[in-house]
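*Asks:* Under numbering that gives the first Met the number 0, the sequence shown has 18 at position 19, and the numbering climbs by one with no breaks.
Possibly wrong hints are sitting among the right ones.
[Claimed, not checked] Ranges of calculated distance between the beta carbons of each label pair, as one might list FRET restraints: (1) Pro11 - Val90: 30 to 36 Å; (2) Val87 - Pro27: 17 to 23 Å; (3) Met96 - Pro44: 27 to 33 Å; (4) Ala30 - Leu50: 18 to 24 Å; (5) Thr63 - Glu42: 24 to 30 Å; (6) Ala40 - Ile70: 14 to 20 Å; (7) Lys95 - Arg29: 17 to 23 Å.
No lab work stands behind these hints, which were simulated from the structure alone. The structure displayed is predicted, hence computed values, not measured ones. All C-beta atoms, glycine included, are put in the ideal place defined by N, C-alpha and C.
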Amino acid sequence: MIVITGQIFTDPETYPELMARLRELELPSRAEDGCVFYHMAGEDPETGTILVAEGWRDMDALNTHFALPAIVKLLADFKGRYTNDITVHEVSASHKM
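Start from the sequences, fold in the hints, and give me the full structure.
*Replies:* Quick look at the structure:
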């Protein structure tokens with residue numbers, strides 16, 4: 000499984016628009032083949048910080064997600080308007096707490 004965690008940083012003026020677009024993509028992303036979970040959470044509008052938590056069956060599913068027209072458009076529309084500190088984890092085992 001692939002797990003993606005981290006933060007997106009944008010300016011406070013861009014934050015509402017970016018957060019709204021990310022929210023629009025949550026349900027369609029969750030319905031994609033290979034999506035285990037997909038969450039974008041507004042951490043701090045004043046600093047423009049957004050939390051990212053995604054889970055994908057494998058890299059093929061993740062790559063398919065990033066190739067979708069809606070994701071390509073999102074990335075193009077906000078190019079240069081955000082930075083991120085996101086890590087991709089390859090998980091080989093997990094267990095319930």
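*Asks:* For every hint, state whether the structure bears it out.
*Replies:* Hint by hint, here is what the structure shows:
1. Pro11 - Val90: 30 to 36 Å: holds (34 Å)
2. Val87 - Pro27: 17 to 23 Å: holds (21 Å)
3. Met96 - Pro44: 27 to 33 Å: At 31 Å between Cβs, range holds.
4. Ala30 - Leu50: 18 to 24 Å: holds (21 Å)
5. Thr63 - Glu42: 24 to 30 Å: Once the Cβ atoms are compared, 27 Å apart, the range 24 to 30 Å for Glu42 and Thr63 holds.
6. Ala40 - Ile70: 14 to 20 Å: For Ile70 against Ala40, whose Cβ atoms are near 18 Å apart, the range 14 to 20 Å holds.
7. Lys95 - Arg29: 17 to 23 Å: holds (21 Å)
Hint compliance for this structure: every hint is met.
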